[in-house]
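Undergrad: Generate coordinates for the entire structure from the input sequences, incorporating the hints supplied.
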Amino acid sequence: MLPLRLSGAGLGFRRELIPALKNRVPGAIDFFELAPENWIDLGGAYGRDLRGFTERYPFVCHGLSLSLGGPSPLDEMLLTKTRQFMDAHGIQLFTEHLSYCSDDGHLYDLLPIPFTEEAVKHVAARIRRAQDILERRIAIENASYYAPSPIAEMDEIAFIRAVLDEAGCDLHLDVNNVYVNSVNHRYDPLEFIGALPTERIVYMHMAGHYVEAADLLVDTHGADVIDPVWALLNATYRLHGVAPTLLERDFNLPPLDELVHEVAHIARIQAKHHRHEHASRVS
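According to our numbering, the sequence shown is numbered sequentially starting from 1.
This list has only true hints and no planted wrong ones.
Quick list of the computed label-pair ranges, beta carbon to beta carbon:
1) S149 x G52: 43 to 53 Å
2) A20 x A88: 19 to 29 Å
3) A214 x L2: 41 to 51 Å
Source of the hints: derived by calculation from the structure; they are not laboratory data. Bear in mind the structure is a predicted one, so any value in this text is a computation, not a measurement. For glycine and all other residues, C-beta sits at the position ideal for the given N, C-alpha and C.
TA: Right, dumping it as structure tokens:
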């Protein structure tokens with residue numbers, strides 16, 4: 001099955017939403033994203049439903065458990081099964097978190113990687129191996145984190161750029177994660193985004209978060225996107241151009257008709273920048 005072209009605004013493909021999506025896919029939704037761990041080897045009604053959508057809509061695979069920064073051996077069996085799944089469903093893009101989540105078992109959280117040269121080489125080698133097995137260039141997502149690493153030879157921007165260069169991979173930019181980290185670690189989110197390499201950004205996420213305290217935000221994907229994060233997405237498009245952008249909503253799921261309002265908001269911001277780019281070319 002040949003991959004469908006990925007563009008526009010998307011929504012996470014969740015089993016709870018399938019009945020509503022089978023009835024009608026709102027026009028604002030251009031593509032879907034799924035976690036391959038939740039769908040590989042799944043047959044029956046859910047498997048048939050998924051096939052019905054991957055034949056009509058582009059999909060992205062967003063991994064949850066590869067643990068690119070972890071000390072345990074890379075799960076090559078999972079990567080092989082993911083490649084077979086992606087080939088079967090015509091899915092081209094795979095993304096994963098720049099973090100780790102396992103050490104002799106899953107830790108049930110995404111933990112930050114030390115910002116060191118040694119860690120750059122360790123992670124980059126695992127990314128290159130993942131790309132070899134998947135037979136695709138992948139994108140890594142900037143992760144939210146809540147405590148600075150006790151070992152740091154560089155800042156987060158330098159670490160991300162070094163991994164991208166060493167691994168030869170792309171960047172999955174999570175705009176909400178930048179905002180969350182900017183509050184928790186007291187930096188300018190726009191300055192952070194401006195320092196990222198435009199040519200590596202192929203995919204973006206938007207999401208809501210939980211306010212634990214004025215200086216502590218928790219990335220939950222369980223609330224509406226707030227105005228400062230919408231403004232940051234607008235500024236990101238201005239700095240780097242428009243990339244396919246997905247609304248992440250994993251908890252406290254409202255009905256599809258409510259969820260789609262935020263997907264449509266992404267699409268409107270994209271359309272505004274496309275109009276501006278067109279006007280700039282013809283003027």
